[in-house]
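Respectively, the protein sequence lines represent chains E and Z.
The numbering of the first sequence is our numbering, which starts it at 104 and goes up by one.
The numbering of the second sequence is our numbering, which starts it at 193 and goes up by one.
Do not rely on the hints blindly, as some may be mistaken.
As the list claims (entries may be wrong) - SDA-like mimics (lysine to any residue), calculated; alpha carbons at most 20 Å apart, straight line:
| # | chain 1 | residue 1 | chain 2 | residue 2 |
| --- | --- | --- | --- | --- |
| 1 | Z | 389 | E | 223 |
| 2 | Z | 378 | E | 242 |
| 3 | Z | 389 | E | 375 |
| 4 | Z | 617 | E | 160 |
| 5 | Z | 378 | E | 155 |
| 6 | Z | 329 | E | 143 |
| 7 | Z | 617 | E | 352 |
| 8 | E | 146 | Z | 275 |
| 9 | Z | 389 | E | 343 |
| 10 | Z | 372 | Z | 362 |
| 11 | Z | 389 | E | 231 |
| 12 | Z | 389 | E | 347 |
| 13 | Z | 378 | E | 241 |
| 14 | E | 137 | Z | 618 |
| 15 | Z | 452 | E | 236 |
| 16 | Z | 470 | Z | 237 |
| 17 | Z | 378 | E | 223 |
| 18 | E | 137 | E | 155 |
| 19 | E | 146 | Z | 618 |
| 20 | E | 146 | Z | 375 |
| 21 | Z | 378 | E | 236 |
| 22 | Z | 378 | E | 239 |
| 23 | E | 146 | Z | 277 |
| 24 | Z | 389 | E | 165 |
| 25 | Z | 617 | E | 152 |
| 26 | E | 146 | Z | 272 |
| 27 | Z | 520 | Z | 238 |
| 28 | Z | 452 | E | 231 |
| 29 | Z | 389 | E | 218 |
| 30 | E | 237 | Z | 375 |
| 31 | E | 237 | Z | 454 |
| 32 | Z | 329 | E | 140 |
| 33 | Z | 617 | E | 138 |
| 34 | Z | 378 | E | 234 |
| 35 | E | 237 | Z | 378 |
| 36 | Z | 389 | E | 336 |
| 37 | E | 137 | Z | 375 |
| 38 | E | 137 | Z | 275 |
| 39 | Z | 378 | E | 231 |
The set of hints was computed from the structure by calculation and includes no laboratory data.
Each chain, letter by letter, is given below.
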Amino acid sequence: MSKLPGLGLVSLYVIHTIIFWLYPFLWGVVIAFKRWNIISPEKEFIGISNFIGVLYDPLFWISFKNSLYFMAVYVPLSIVSALGVALLLSRIKFLQSFFAVGYLMSYISAGVAYSIVFSLLFSGDGLINTWLSKINITIPWFSDPDIAMASIALIVVWKYLGYYSLIFLAGLQAIPESLYESASIDGASERVKFFKITVPLLNPSFTIVLVFAVMLSFNIFTEPYMITGGGPLDSTQTFVMQIYHQTFTALHAGYGSSFAIIVAAISFLFVFAIRKTVERDMA
Amino acid sequence: MKNRLTAGFISIMLCAVFLSCGSEENEAGSKGIEYWTAPSIELSRFEKQVVDKWNSTHQETQIDWKTIPAGNTSEEVILTAIATRTGPDVLSNVFGGFAAQLADAGVIVALDTLPGFWDVAENRKMANIIRNNWFYKGHVYVMPIYVNPEMVWYNEKMLDKFGITELPRTYSEFFRLLEKVCIPNKIYGLTADVSSKWYRRWFDYLTFYTSASGGEQYIDVDENEVFLDSKYGIAVTEFFFRLFDEGYAPRFEIQDGFEKGVFFASIKGAGSTVRIKKLYPDLKYRIALMLVPDDYPEDKPIYTLAESKGMVLFESSNNKDKAWEFMKWYFSGEHDSLWIALTNYLPAREDLTSNPIFTRYFDDNPTAKLYADILDFTVPLVLTAKTVEIQTSLNRELWQPIIFGTKSPVQASRDANIAIRRILKSGPQVIN
Numbered sequence: 104m105s106k107l108p109g110l111g112l113v114s115l116y117v118i119h120t121i122i123f124w125l126y127p128f129l130w131g132v133v134i135a136f137k138r139w140n141i142i143s144p145e146k147e148f149i150g151i152s153n154f155i156g157v158l159y160d161p162l163f164w165i166s167f168k169n170s171l172y173f174m175a176v177y178v179p180l181s182i183v184s185a186l187g188v189a190l191l192l193s194r195i196k197f198l199q200s201f202f203a204v205g206y207l208m209s210y211i212s213a214g215v216a217y218s219i220v221f222s223l224l225f226s227g228d229g230l231i232n233t234w235l236s237k238i239n240i241t242i243p244w245f246s247d248p249d250i251a252m253a254s255i256a257l258i259v260v261w262k263y264l265g266y267y268s269l270i271f272l273a274g275l276q277a278i279p280e281s282l283y284e285s286a287s288i289d290g291a292s293e294r295v296k297f298f299k300i301t302v303p304l305l306n307p308s309f310t311i312v313l314v315f316a317v318m319l320s321f322n323i324f325t326e327p328y329m330i331t332g333g334g335p336l337d338s339t340q341t342f343v344m345q346i347y348h349q350t351f352t353a354l355h356a357g358y359g360s361s362f363a364i365i366v367a368a369i370s371f372l373f374v375f376a377i378r379k380t381v382e383r384d385m386a
Numbered sequence: 193m194k195n196r197l198t199a200g201f202i203s204i205m206l207c208a209v210f211l212s213c214g215s216e217e218n219e220a221g222s223k224g225i226e227y228w229t230a231p232s233i234e235l236s237r238f239e240k241q242v243v244d245k246w247n248s249t250h251q252e253t254q255i256d257w258k259t260i261p262a263g264n265t266s267e268e269v270i271l272t273a274i275a276t277r278t279g280p281d282v283l284s285n286v287f288g289g290f291a292a293q294l295a296d297a298g299v300i301v302a303l304d305t306l307p308g309f310w311d312v313a314e315n316r317k318m319a320n321i322i323r324n325n326w327f328y329k330g331h332v333y334v335m336p337i338y339v340n341p342e343m344v345w346y347n348e349k350m351l352d353k354f355g356i357t358e359l360p361r362t363y364s365e366f367f368r369l370l371e372k373v374c375i376p377n378k379i380y381g382l383t384a385d386v387s388s389k390w391y392r393r394w395f396d397y398l399t400f401y402t403s404a405s406g407g408e409q410y411i412d413v414d415e416n417e418v419f420l421d422s423k424y425g426i427a428v429t430e431f432f433f434r435l436f437d438e439g440y441a442p443r444f445e446i447q448d449g450f451e452k453g454v455f456f457a458s459i460k461g462a463g464s465t466v467r468i469k470k471l472y473p474d475l476k477y478r479i480a481l482m483l484v485p486d487d488y489p490e491d492k493p494i495y496t497l498a499e500s501k502g503m504v505l506f507e508s509s510n511n512k513d514k515a516w517e518f519m520k521w522y523f524s525g526e527h528d529s530l531w532i533a534l535t536n537y538l539p540a541r542e543d544l545t546s547n548p549i550f551t552r553y554f555d556d557n558p559t560a561k562l563y564a565d566i567l568d569f570t571v572p573l574v575l576t577a578k579t580v581e582i583q584t585s586l587n588r589e590l591w592q593p594i595i596f597g598t599k600s601p602v603q604a605s606r607d608a609n610i611a612i613r614r615i616l617k618s619g620p621q622v623i624n
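Work out the full structure: start from the sequences and follow the hints.
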């Protein structure tokens, strides 16, 4: 009987998972093999045709290319900036939590709200360009196909900066101070200590942040959807935008579902590869 | 024993969750007729008055009125509501293409099968509008509420500054004026939306196509034909290509550019006047017919595209008869003078300029009268369930490449033609 309260508490989570994760997931797999327009009760089984259709869809490959571009900008930038902030936070002796929470504010702000704010700030006649115009520079942040995705990556870096910083900060705090003291006695420079102690021992944090950042690169939606709508010239089309468009606008729910499954598989492969190549056993 | 207890606990929790969902649904069903309208301040002001009036005189059938919940487009919100069985009985603000999607899915009622439909249409003087514009696969699924034709607005201050008294009619005349008025990167010629939002093409490219072609549609849904590579389509594409290429339209968004005096001209519907009066009371403008290609016949009237929206009744409604009674009352015609006064959208009626109930409004609002005068030369939106796919493709193959100059006008027109024809024939994907 002593286990009952615990099981009771766990059951809430289990029920939540069944209703909001397992059931939609299984349903998604089922409809991926069907032609269904969401609003009609009729569903026609069409085998793997939806999956073949996705692989022949030019927008799938455009979204794939855009996701890689986003990843190329976002991943290094977010890791470097978050690590920098974490190193600064680790040196603060007073009010460390206050500053850490301050950085988290961007993470908890609503995606739609800050997307609108950024789209106004960075628009052709927005505040940023008004300032820049004083030195005769105008940057078409979201309207130039070559830089629109990079501009969106910058916004997402801002959003996740605090979250990733906290992960790095936790990693930094887990490194024993004695290692740095020993290195100092041996005459190691700050640079050597950083690359020989900090970076190797932060491997678990690097792995987590890298996995999160790569997964996010395949799941990016709110910012491009709200700010650019996938344009200009499809340069900010993403997988999830296509899944959403196919499912809820074009009413091809089966197609959207198969799209989602393929994207999930790609995302899983990337995460698997990262863990294989980056993750080290710290035990 | 422990396992049984655990299993029992989980079962109770599951039952509680499902039962709570069910009870919520029953509760919603008992509220009467759920009626959703567009989330606009002006429209809501009208709807509130009308619903209050109905509710005060129909105690047995109360209307539970709500504005459509916030979302990117009303259509996406409605679809989500339908899919989750939380949609309304009656919905307004529905455009033809969306109604066609709903009709194909069998979720809305063919209104012409209901008793008294044509009487309502005749009484409100909209029978011909319905016959000409709203038949879809042999039935009428939408009660048209309003029409919103597009015209060209010109900044009066700029016109006066350059002594321009005669407004342009053709593309060449327009570009000649732009050479005078525009200042590179400071004053632009015509607002042309650069976003990828599919519905924005109604208000630029497709309106221009309607005018250039003398009131023709750009596709023939029955024959699966597309005419974007016709001489009209290419003329319109060349017009916009030049507009962007010569810097008369920026390749980025400028919020309220015309209203702020950054643009010389803009395409706007009658409904825009309310917002402009409220937010930009000092803006002075003149309104003219749409621009046409240089070889457009002098004696031919100039047509324009008219967005139109209406009301539908859902098959899922438990109170269809009562909901239909409400719709008949709503479209009795007695609320249209209040509608136009509060919203500035033109009611979908054939007697707007002749019916005395509108005389005072048009006397007070000469701008709206300009729009009412051209109603005979308006073309409705194409009624097809593939509207979103078609206009998404138009964006992708023609509009965006023209903005950035990555395709020639001829190539863009041809590519769009091929892509849209493929959608009409089989859909955008291999299998869907």
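Hint check:
1. 389/Z / 223/E: Between residue 389/Z and residue 223/E the Cα gap is close to 17 Å, so the pair holds against 20 Å.
2. 378/Z / 242/E: holds, 15 Å
3. 389/Z / 375/E: violated, 36 Å
4. 617/Z / 160/E: Roughly 17 Å separates the two Cα atoms, so the pair holds.
5. 378/Z / 155/E: violated, 49 Å
6. 329/Z / 143/E: With Cα atoms ~17 Å apart, residue 329/Z and residue 143/E stay inside 20 Å; holds.
7. 617/Z / 352/E: Between residue 617/Z and residue 352/E the Cα gap is close to 19 Å, so the pair holds against 20 Å.
8. 146/E / 275/Z: The hint holds at about 14 Å.
9. 389/Z / 343/E: holds, 16 Å
10. 372/Z / 362/Z: Between residue 372/Z and residue 362/Z the Cα gap is close to 16 Å, so the pair holds against 20 Å.
11. 389/Z / 231/E: violated, 24 Å
12. 389/Z / 347/E: Satisfied, since the Cα-Cα distance of roughly 14 Å is no more than 20 Å.
13. 378/Z / 241/E: Cα-Cα ~12 Å, so holds.
14. 137/E / 618/Z: Roughly 17 Å between the alpha carbons, so the hint for residue 137/E and residue 618/Z holds.
15. 452/Z / 236/E: Distance of about 18 Å is within 20 Å: holds.
16. 470/Z / 237/Z: holds, 15 Å
17. 378/Z / 223/E: holds, 19 Å
18. 137/E / 155/E: holds, 13 Å
19. 146/E / 618/Z: holds, 18 Å
20. 146/E / 375/Z: Cα-Cα ~57 Å, so violated.
21. 378/Z / 236/E: holds, 12 Å
22. 378/Z / 239/E: Holds, because 13 Å separates the two Cα atoms, which is no more than 20 Å.
23. 146/E / 277/Z: holds, 17 Å
24. 389/Z / 165/E: holds, 18 Å
25. 617/Z / 152/E: Holds, because 18 Å separates the two Cα atoms, which is no more than 20 Å.
26. 146/E / 272/Z: Distance ~18 Å between residue 146/E and residue 272/Z Cα, so the pair holds.
27. 520/Z / 238/Z: holds, 17 Å
28. 452/Z / 231/E: holds, 19 Å
29. 389/Z / 218/E: Roughly 16 Å between the alpha carbons, so the hint for residue 389/Z and residue 218/E holds.
30. 237/E / 375/Z: holds, 18 Å
31. 237/E / 454/Z: holds, 18 Å
32. 329/Z / 140/E: holds, 19 Å
33. 617/Z / 138/E: Measuring from Cα to Cα gives roughly 17 Å; hence the hint holds.
34. 378/Z / 234/E: holds, 16 Å
35. 237/E / 378/Z: At roughly 14 Å apart (the allowed maximum being 20 Å), residue 378/Z and residue 237/E satisfy the hint.
36. 389/Z / 336/E: holds, 12 Å
37. 137/E / 375/Z: With Cα atoms ~56 Å apart, residue 137/E and residue 375/Z exceed 20 Å; violated.
38. 137/E / 275/Z: holds, 16 Å
39. 378/Z / 231/E: Roughly 17 Å separates the two Cα atoms, so the pair holds.
The structure fails hints 3, 5, 11, 20 and 37 (numbered hints given earlier, in ascending order).
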